[in-house]
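Visitor: This is what each chain is made of:
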Amino acid sequence: MSISIVDSETTNAAHRYDDGPAIAARGLRKTFALPAEDVHAVDGVDLDIERGEFVTIMGPSGSGKTTLLDLLGGLETVTDGELIVLGRDISSARESELVTLRRGRIGFVFQDFLLLPELTAIENVALPATFARRPPDMATAMAHLVRVGLEHRASHLPKELSGGERQRVAIARALAMSTDLLLADEPTGNLDSRNSSDVFALLRELNERDGLTVVATTHDEKLGATADRSIHLCDGRVVM
Amino acid sequence: MNVFRLALRILWRRKIRSALTIGGVGIAVAVLVSLLAFDAGYQEALRTDIDRMGYQVLVTAKGCPYEAATLMLKGGGGLRYMEEEVYDRIVVDPRIRQIAPQLVATTFDDGSVMMFVGITDAYADLKPWLEYRSGGWFTGGRADEAILGYEAAELEQRSVGDRIFVPGADRLLTVVGVFERTGTQDDGAVFIPLHTAQEVFNLQDRISGIGIRLNDITELTQFEEDLYDEPGIQVVSMAQVKGTILNLIASARVLASSIAAIAIVVAVIGVMNTILVSVFERTKQIGVMKAMGASKLDVFKIVWAETTLVCLFGGIAGAVLAVVGGGFAEQIVRSILPYAPSGKLIAVSIPLILVALAGAVATGFVACLYPAARAASMKPVEAIRSGE
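Protein sequence lines correspond, in order, to chains A and B.
Going by our numbering, the first residue of the first sequence is number 1, and it counts up by one from there.
Going by our numbering, the first residue of the second sequence is number 1, and it counts up by one from there.
Mixed in with the good hints there might be a few duds.
As a list, the in silico DSS-like pairs of lysine-lysine whose alpha-carbon atoms are at most 27 Å apart [what the hints assert, rightly or not]: (1) Lys344/B - Lys284/B; (2) Lys284/B - Lys296/B; (3) Lys159/A - Lys15/B; (4) Lys127/B - Lys344/B; (5) Lys159/A - Lys127/B; (6) Lys15/B - Lys344/B.
Calculated directly from the structure, the hints in this document are not laboratory data.
Next comes chain A alone, as it looks inside the complex:
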């Protein structure tokens, strides 16, 4: 039995993306209203990231790195300011518009991989196509696995893979989501130093070889230094 997933959001799928920067933020702000007080997780950030750049966002815990990344990926709504991602102003976008943006334009990598444990590596990589209203394409999914050097693990379940391999599958899945922009939130947070270096080397390779725009958060100064540029955050503000 098979069903195709089609809903009203599909009608908003056609967007034009200009040739401007991958990300442009002006006075970007995200405030969480808590019972005790309002917390400004991102507090007036100005940011430009060009297409094809590899940028790391660095800073101590609680500095707003993850919230900033969530805003850039349309996972979080903007409280104030202007944010243009891949040519689209998402400052005041509705949830359905953010879904459309995420669907096929932005790839995400998370600290704890978040692969679906029921699916094999290649099925995890093929899954975004389902949500992007594309027919299942195992050949393309395998091509993404080849790009991260894991074609020999295609039929393995996540539990049968090492931490480094899982993160590479997650990167392959992010590539299946998008070939424009990859956002990685502490992608090496659960990896040892060798696997961490490998993952950053892979991100760098994808950036240089395929022109993928990569924005990654990290605590690791050494890894951060491998990027084209590092943005440092403190208390929700860019400090250098």
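Got chain A sorted already, so can you dock chain B onto it with the hints?
Guide: This is chain B only, laid out in the frame that chain A set:
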């Protein structure tokens, strides 16, 4: 990957929990299917039993008409008898197409019950479908002979030419015929000539009932009215008997329906609980799916597919259980019911199974509404960061 395949993988990964939930749905469906099958089967069996009595009207001695009709159907003690001359008065009515006097007597011996039915040639005319497995009709109206119903012959281990003893009457009868199986109470009866029966059971000039079939069924009401004037007898329409027995069964059905309703509610809660736990466990994954571009509808469909599969598998398991366990359930029902027709009581049919499966899937939809809506409304960031 379509949502059903994804849902199947999710269920397969949680085998024990899925199996328990499917089992719960299966039991509820089995109860429901068995109940509906009993409802249909009992009515059909009762209709067959009454239609195969061959008459539309039963004339009996005064007393409880329904008790009399039931005793005529299944035998048993306590039958009242009337004078045979009643038959002589009624038989001349031109509206009658067929008429057959009967004398039903039951004997008890060492815990076994035998139903003897005294009949005349008219009985065979009333039931043209009666066929012989072996042998044939009585040689005379007063012969010491018996024709056995199919099951009576099996039970007594008798065939044509053998002798059969009438308990309490110290009388031996020769078996001259064995009927083929009819699927009615006739299968368990021992038929003997009416006058022989009157003699054997010391009921000279007595009969227990007169079965009548009219030329025109529309004259039934007037015919019954006319017979009301006959002293010492009563007229029972078999349609009324059928209706009354079904009414009696209806009260048992209400009880069984209540049990089925409880089983369904428990199953719905069980399914909802399983799916809800599954949704909570997969909060992060749902967040990731949303990050990948899954819409609310996509997430809803995944949870819905999971529930649908649980209920579908449970429905199939329940249908199989109802079919396989139908025979066992029938034995229990027969031992409980005061009167059970001869045919198959629990008739599980394909349309019934399809209705039950559709019901299970529809129930699953109701059960998934809350968990699915909850999953669909999760905000991606909150879902991904949950537990941190």
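Visitor: If you check each hint against the structure, which ones fail?
Guide: 1, 5, 6
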